[in-house]
Amino acid sequence: MATESTTDFTLDTAAELASEEHGAIEGKSPWLLAWRRLRRNYVALGFLLLFVAIVVMCALAPVYASQIAGTGPNEVHLGETFTRDGEQIPVVSKGGFVNGKFVAGGIPVGPQLWHAGGKYVFGADNLGRDVAVRLLYGGINSLKIGIGSALICTIFAILFALLAGYYGGSVGWIISRFFDLIWAFPVLLLAIALGTALSINGFHHFGINIEAGSLWIPTLVISFVLIPYVGRPLRGQILSLREKEFIEAATAQGASPFRVMLSELTPNIASSVLVFFTLIIASNILTEAGLSFLGAGVQAPNASWGTLIADGQDRIVTAPWLAIIPGIAIVLTVLSLNVFGDGLRDALDPRSKVRIER
Amino acid sequence: MLTLVAAFALVAGGCGGGGNKSSSGGSNGGKTYPLLRVSWDAPDYMDPGLYYTVAAYQATNYVWEGLLGYKHTSGPASAELVPYLAEKMPTVSADGMNLKFTLRKNLKYSNGTDVKASDFRYTIERDFKIDSPGVGFFSAIKGVSGPNGFATTKKGHISGIITDDAARTIEIQLDHPEGDILYILALEFAHFVPTGTPASDQSTHPIPSTGPYMLQDYVPNRSFTLVRNPNYNNQIPTMPSGAPDKVVGKIITDPVASYQSVVSGQSDYDYNQVPNDRLPEAQSKYKDQLRIYTNANTWYYFLNNKIPPFNNIKARQAVNYAIDRQAIVSGPFGGLGRPTENFLPPGYPQYKKITDFTFDLAKAKQLVQQSGTAGQTVDVYGTNEEPAKGSIEYLAGQLTKIGYKPKLHLLSHGVYFQTIGNQATKAQAGHTDWYQDYPHPLDWFDVLLNGNRITQTHNNNPGNVDVPSVNKEIDALKKITELTPAVNDRWAKVDRDLMVTYATTVPYLNRSSTDFFSTKMDMSCYTFSVVLYWDWGVSCQK
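From first to last, the protein sequence lines are chains F and U.
What the first sequence shows, in the working numbering, is residues 1 to 358, in sequence order.
What the second sequence shows, in the working numbering, is residues 1 to 542, in sequence order.
Honestly, the hints are just simulated from the structure, not real lab data.
Owing to the predicted nature of the structure, the values given are computational and were not obtained by experimental measurement.
Do not rely on the hints blindly, as some may be mistaken.
Claimed, not checked - Pairs of lysine-lysine, DSS-like flavour, derived with a Cα cap of 30 Å:
no., chain 1, residue 1, chain 2, residue 2
1, U, Lys-478, U, Lys-353
2, U, Lys-352, F, Lys-94
3, F, Lys-94, U, Lys-405
4, U, Lys-479, U, Lys-493
5, F, Lys-144, U, Lys-352
6, F, Lys-94, U, Lys-287
7, F, Lys-101, U, Lys-71
8, U, Lys-407, F, Lys-101
9, U, Lys-479, F, Lys-94
The shape of chain U in the complex, shown without the other chains (with noise of 0.2 Å):
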């Protein structure tokens, strides 16, 4: 039986600006207030089957619900599964390959409806018909790959979901034991949302949802506002019932508009991150307004192991000794960041700290001429953003420094990924970062590392990766639903041999960000949750 997955210890790294901790718990003892104003960056979409970014996820971390969720606390625990429409965590098969859920009693909709068992079911057949980024988190549920599968044929029904209106049970069934699957069906593309929702984009027309809150409205580039569930009756027992009356987001792109906006007490919270031109001004201003926090991501590098220069091992060596971690989080990044050599970020019980490429230009010289690469052409690739753009010109002029002759392509984000993502582009080396979709060591490695899943276009292994004892490795752990010492170990050995034994990447830091509050909030009630960011349905006012 797959038990459940420990609690991970995600340190979120947190740090005030000067400003008294929260408590443990960071709970406000229940008191609610009338409005929360809040500046936000844009949200892809405000749909559950579409959306993808932090920005919708944290706004709407209230409004649809899934039938699991993450515990609403603060620190290492806030990464834990509780059942959220679910009566209780599922019961799992020995094999790891059938899951049973029953819903609560009683629950319904915004708009009143009830919830069904089966529109479980229609959430996932929607999110294939909407073309939902996230359909490929559920390609382990039996029926849905293969050329019949409902991937394929978007035509009658997945057969590894089988529904009992009546009973209020979900039984999923899976083509083979995956690890993270309690991880998955947390995700946003497992919230449900009614049958019948049109098979397409809903963010201005609000779907109805199960949680606390309700979408009222929402503007593209302007605005949203959630307001309360009327039909909610605490139907969801393990998470908080929520703060705010009614939460106002504006929608403030600019991080100095966004920050200029709390200072000047037109928003309550900023979204953004300070800019870094601002941080010290913060820091000593307004410190006790100021949080800082460092959540599960790393940027890092990506070295072409499938081309030269970098098939060759000393190339990549060299270039892991050739950059001065802490002189990026000093540099472009502003302070804001941790140095790491790890692919893994801190506070995952996998992790175990990599301290072998310490600076040294000397010996990534040597390297080099080791390698008998010295001189070659290198096409570096990276984001016009800052602080990327910042962070690639600075491997540019390192790659120059050791030997080499960088030729620089910044492009703007909104192609990017799509660019480097193409072995056409024959992309050398570049800029990428992570976040993790929930905390399992399998959405990094076998998501970005895993030579198996390297494709021709939309790759998400830029670097091409591929090392097929790793490989194994990962294959074997994906298998293993249960997390025990032994098995973070092995996945520990995974992060070492692709980073050091191999040197495949270079992981260089794990970003810090900033939450930023007007003297309205009340700080003792700040509560970070490692996975749902800042926990604005906990916060108060004063």
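The shape of chain F in the complex, shown without the other chains (with noise of 0.2 Å):
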């Protein structure tokens, strides 16, 4: 996936900033700069609330159930009513031979939004399930194994590509091949094959034990099969660090490679990294809905937007909020994400260096 700048954004002039600073330019830290051009793109900061929101609706989720709709995001009401203005409404029509008859059934009450006291606001699905609750649980999901892989595969790409870029020879040639090895394979079918055979009976090797089901599994997959996406631009860079006359000079000086790698290099690839850090979050969303759709991310009775999708297909003619609903809650979350990493590039590297190919 290749993420392009929307946002028509420019390098500080020594006029701006002299104009900003009241006819005196003072010397500025790279950080100070990055936020004063991020601040004035209100489009990126208006998205990175609507992130924030997002965040917060999710977060508040178990409020929302045990005080509002009063239902578990696993609880199934089939066979059960609920009141709408007086009148007892069935969760989940009835279906069935009736005087030898049949009747098509299992059609989910749709959204009531308020008209219910708070229940079934987005309606339900096929077993009676709330399905706001289960989209805000869902969404914790999503979102912990977003950031959490987005986090796992960035701290193991900043660690090999420091290793091969600072070492290269055989450590760079092994972690380079690795990185190849990975990137032979594409995305989302490595991820369906491990996460396929993962969901069976979890990964118990090595002292490690995760359970069939742990939303770990997940997690680490997304990680595993997206570091090399955001090793390989992390190496090319250390590479380029490695050559430059500070590197040098601190190894003259008898820093330790440790000390260089962590003190060096580290920071002067820090807004590289945090760039990637917030454009793969979005996608690693996107490879988790991908990944529960087909079955191989999150469990069931667990929901994440993708299990949500996933089981409102089944329903697509006649309940079409279930997969429309959780769809746009992506969409919405990505959108964000996307936008406000793009602003957060041009503000930290206005030459716009920094890209993620898929």
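Combine the two chains into a complex, taking the hints into account.
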């Protein structure tokens, strides 16, 4: 996936800076300059706000479930009714054979918004579960996996990039071939293969025990398959930085390789890492949705936005909201992260060198 | 002497989508038409020794035939066995251990070669050589079981099958009486193949047939074509000679695409289930082309009777009370089902409706408390395909409500039954279903719930149901070859004992299915057999 800047964002000119500083140009840190650029990008900040709002809403899922909807995310309500305007409405329409005549049933109740006192705001699914509650809980899982996998992936990518870029030689060769190996597989196919294999029995090797159905499975699978997509460009940057004079100076002063990597190289790739991290969360949320849609991600009865879409596809004609609502949630989240990520990139790296190529 | 088993009153429960019901005979008056285009599910094989899916069975009803077969008609009479390649029903000895058949005269395969009595023995022996899924059915034949039996050695011949090609006679000797032996001989695994047919999967190299049609070609996952058998000459007068001159099957496994293929007129018949999502549309827009039937099947939850918490009868009773069977029919099944508490499906003469477990969540919670098992973790297994997925999620939800902590394991269909059939899995509860192989209670209670047949792997009884008194009764009934009303009552008691007295299992519905046709088909010829399903051989077009 290539993320393109949609914002016309230029470097601060000396005149602009001077005007802001009332005539006097003072030395500013790159982070402060970046913040100045970012704060003027209202679109990016607007979408950041949207993302924060989504996170907050999902975080409040337990409160919503207990105080408003009055049901848990996996609580089935087949055969039950609820009250709307004093009338008893079946959560899922009754079907079967009545006096020998077949009656199609199983159609869940549609979005009630606020007409049912907070119940079934976005309708019910075919087991009578409250879609709004599952959407929020599903959001928690999707965000946990998206952010968690982005974090793990980025940490390992930095580590590999530093080792490969700084040491080069056989260490660099091995790490590069490892990147090539993963790169050789289409991301989603590799993730499905790993996710499916692990979702049956879990992972029980090397003293690590992860049960089937654990959120750690999709999180680690996504982290693993995306490492080269972050690690490779970072390795390129390290290779370039390694030749710079300040690295030579640090080495000449007797700094250990560890110190050079930690104190000299890492701060210089921090801006790229930050941009990558933001953009890759969005990418990982999409990957998780794809994996869960195909049954290789979050396992039932737990929800994620991907599983909600998968559950909804069987009822796309009679209950389209089941797939559309989580679809909108994914679009908004990914859009907010991508637009903010683009803004962050423009602010941190106005020459826009950073790209995630998929 | 083993008398002809009474015809089963297996009422199909068929119900039209609003259109006219077919006449009882469902005959098309012998009219033929050039082409039937069907949208079909993928068969597992197209080799009678290997296939074990309804997709293959229904498609090849008119291709390979055995000594006996089912009457081609609608309603309960369609469960009646009639002689196919055999001249008449067999002569059976008084002890039920010796059966003698005589083949019809001048029988030929589709390639023009003669059908010989020894082909029958070759057919059964070939089943063992190709590891057919049906070999277990023939274990009662003398010379099959035991350390030197053919099942183990696969050498020489099965001593209990004696044939005389010149006299066209086949004698089958059994080690012990087998109440369902005639039904077993009507299974696809006993359908004649010529001696010398390679002992390997011949799906893509069509085996010569004895029925009115022959398989012309089969491309796995793509298509199959059936054409008339040029050497048939109405050699089996007890079955129709078939209406379409040619049947072209397009394999479409996606139910939505399959349904759409009929709606758009590209196919004349949709083998797949009409998706729940499209049922209201099919019912309103195409009601005359839709037929809904309930064949002999039972969907049930198994509860592992051997390990906690369900080794406690109160815990098992609690689950039975916690399940709202009608709600499951309405929800995941979209109405396509009939709630049940019996293990045996309705329509069997042995069926006596059970209504002991009316949905009562409060009582279920109380029973869990009384059992002292509240709060225990339960590993619940199911498949990740609808509607089984929905029904198992429902079970997990109800277990939570009555005080357990269910842990759901959803597996793909391909590995599911192997997993729950392995004792090492220690599945405590889960989903399973059963569709009859043949219409006899032994195919239900002996295969699925006889504690004497529990195995470590490939266990058909994942609930480890093992009630010694009932096992003894099943074994006794197994030896009785005549299904008299008194015997039927004993089978009904087995059902009641296992489902109510010991509450071993939680049957919840008999699933209904759909037959959907294009406007080209004349629905007045629609014939549904309880064993053969939609009888395409007697269909007709407008």
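| field | Pair hint outcome, Lys-479/U versus Lys-493/U [Cα-Cα no greater than 30 Å] | value | 17 Å, holds
| query | Given the hint that Lys-101/F pairs with Lys-71/U, does the C-alpha gap stay at or below 30 Å? | reply | Within the cut-off at roughly 27 Å; holds.
| Hint consistency between Lys-352/U and Lys-94/F [alpha-carbon to alpha-carbon, up to 30 Å] | 26 Å, holds
| query | When you check the alpha-carbon spacing of Lys-407/U and Lys-101/F, does it fall within 30 Å? | reply | 38 Å, violated
| field | Pairwise hint evaluation, Lys-353/U against Lys-478/U, where the allowed Cα distance is 30 Å at most | value | 22 Å, holds
| Is the Cα-Cα distance between Lys-479/U and Lys-94/F 30 Å or less? | With a Cα-Cα distance of about 44 Å, the restraint between Lys-479/U and Lys-94/F is violated, given a limit of 30 Å.
| Are the Cα positions of Lys-144/F and Lys-352/U separated by 30 Å at most? | 53 Å, violated
| message | Run the distance test for Lys-94/F versus Lys-287/U: straight-line Cα separation, threshold 30 Å. | response | 20 Å, holds
| field | Pair hint Lys-94/F and Lys-405/U, alpha-carbon separation not exceeding 30 Å | value | 28 Å, holds
The structure fails to meet hints 5, 8 and 9 from the earlier list, while all remaining hints are met.
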